[in-house]
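Q: Protein chains in written order, with my numbering: chain A, 1 to 366; chain C, 1 to 329.
Derived from the structure by calculation, the hints contain no laboratory data.
Predicted model, so just to flag it, every value in this text is computed and none were measured.
Idealized CB from N, CA, C, for every residue including glycine.
It is possible that some hints are incorrect.
Chain A stretches covered by chain C per the calculated footprint, using a threshold of three residues with CB under 8 Å from any CB of chain C [unchecked claim]:
{"#": "1", "region": "94–106"}
{"#": "2", "region": "345–358"}
Heads up, incomplete: computed chain C residues facing chain A, CB under 10 Å, no partners named [said to hold, decoys possible]:
{"#": "3", "residue": "G43"}
{"#": "4", "residue": "V47"}
{"#": "5", "residue": "E238"}
{"#": "6", "residue": "P241"}
{"#": "7", "residue": "D256"}
{"#": "8", "residue": "T309"}
{"#": "9", "residue": "Q320"}
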Amino acid sequence: MPQVGDLRAKMSSLLEALDKWLCRPITVMEVCGTHTVSIFRSGIRTMLPEGVRLLSGPGCPVCVTDQAEVDAMVRLAKRPGVVLATYGDMVRVPGSCGSLAEARASGAEVAVVSSAIQALALAGSIQDKEIVFAGIGFETTAPATAVLLREARSKNVKNLSVLSLHKLVPPVLRLLASDPMLNIDGFLLPGHVSTIIGTAPYAFLVEEYGKACAVAGFEPLDIMAGIVEIARQICEGRPAVRRLYGRVVRYEGNVKAQELLEEVFRPASVRWRGIGLVEASGLVLADDYSDFDAYSRFGITLEEVSPPAGCRCGDVLAGRITPPECPLFGRSCTPQFPVGPCMVSSEGSCSAYYRYSSKGVSPWGA
Amino acid sequence: MGRLSLGHGSGGRLTNDLIKEIASTFARGSGMLEFEDCALLPGGWGVTIDGFTVSPLSFPGGDIGKLAICGSVNDLAVRGVRPLWLAMSLLAEEGLDEEELLVYMRSAASVCAELGVQLVAGDTKVLPRGEADRLYITTCAMGKNEAISPWGIKEVSPGDAIIVSGPVGRHGAVIASLRYDIKLRELESDCAPLWPLIEPLTRLRGVHAARDCTRGGLGTVLCEWAEGANVGIEIDEEAIPADGDVSAVSDILGFDPLYLACEGTAVFAIASERAETVLETLCSHPIGRSAAVIGKVTEAHPGLVGLRTAAGGMRVVDMQGGELLPRIC
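Full structure from sequences and hints, please.
A: Set out below in structure tokens:
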């Protein structure tokens, strides 16, 4: 970690560089929720020149979980004899008939885990119940679910299954890159997803759509360097996928993790909240693992469900509006009583706007 | 009205709303419900009560026994009240090992002995197995106000320096690391009685308010001050004493150390001309040796707390919303 005084000095020199490379106003989407939160927590928006517009993208795993998927989790949790295990932020997302937290308050068994493999221990210690692990997240958390499945199969665990809600980042980026309404000039690409998939899967953003791309880490300096890099590519008219997170991200990614994903999952078209059905953008269990598939074990199908009235999380996720432009923001939708997932998740952009910029009306701007 | 959620016990905004609801069902007494850490009674007495449900019962730096005393007496100390007497109620689960119970009682007793606090009343109940989680302790502490001027939210004024007595978030980070099985050898809870640190301040002028940053952490206390006194507060992230392990746990679990609980760390609002004296006094005590001025109270943006980030930007510090980590104290 750099010393703080040092950090401020380095930030100023990056801001000077940004001034130099900013030839025209640019719109940059930070794809990942971790970036969104870091940008707010470090106050980067209050430091950027006017010509840089930041859009928050669909990179918060909880936020993109479709209403039908939330409903399926709540229904499963309420089933007698079932313990639903999932990551913490998911618990408070309201479904059509309440959240997992509300189901838990009414007697449903919901276990919060911080890693997928904890579901295996649960299955061992609660043998008279069915443990269902709801796997959410992108290429970053999917390998952990894959390890869980592999272990469960090798140990022949009978009372464990997985409801895979995993999603893939590149397919949704194609959708955003091709949206003429958004007019995105460059993408700040997620560092941790890229450690798994490498940078090759982003090549189409440059080759087919001419977008500037920087794979960046999550510290304020990493993010600012990513924005400078995107401005430079735009100014020079030479878009590329540039790895700034080279200390962690390799071109080919983590091949072992990729093989694991290929063994355990297969891609499928899945629904993203507010964005709709995106082709080959989700992961379901491969045939070899179908014994552990919660969809077939419990006969679950995902129907199309409308989001809560007025909730515009979908538009927020696709960068079409900023959170304060949603009519519910800060009124009927707050972190205490969230309506949509973007307000629930600690990585959601609505929650970030609410918490870090005083409901979007901060005296310090942004 | 819905059902209570764990967020109602998190010490943040939901807790505040619930407390106000509960208080409103009682007839308002003679200024007793001030929403401070302890009540100041006629005759210069201070009283407070607190329930302890921490899980696990034992943690690096303390256990439920030590916590149950520190938690209550610290609520007195931050209003300048010397802790004198204690009443304690135990709710134990059938099957709890008696020797284990006595271990917790001995650590509670040792804090009382250190402070000269006497246990004067108590109650013990045993619940059938499964109807409680091993042991809950409630303590009621009483003492004498020794501050030469009143300390409280109402006294927080523009110009005041904000001082914090040590690295924030250590208790919350320890419990989180145990709960999520993250192994950090160095990290210990800051659980400690604050009276020895605070006592010398009772004789100083210019102390306007003090709070121990328990549930909800430093961030929540500052928000309560900004809203309660209708002032602005600006703090500098660079100046806040930090603990590397707390930052590590926070990074891994996505917590903000500003909201992690402390059990032996206090924040003070001090008239600017007295800030240096207070800081010297705090730094001369072992648990206050890394005390630092972290910001100031402003007339601008009343009700809002702003943070100058380490990167140099500005952002708002809002009160913690829902459940961060249940059963932390």
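Q: Now tell me, hint by hint, if it's right for this structure.
A: Hint by hint, here is what the structure shows:
no., hint, in the structure
1, 94–106, "holds (count 4)"
2, 345–358, "holds (count 7)"
3, G43, "violated, 39 Å"
4, V47, "violated, 30 Å"
5, E238, "holds, 4 Å"
6, P241, "violated, 12 Å"
7, D256, "holds, 7 Å"
8, T309, "holds, 4 Å"
9, Q320, "holds, 9 Å"
Hint violations for this structure: numbers 3, 4, 6, all remaining hints satisfied.
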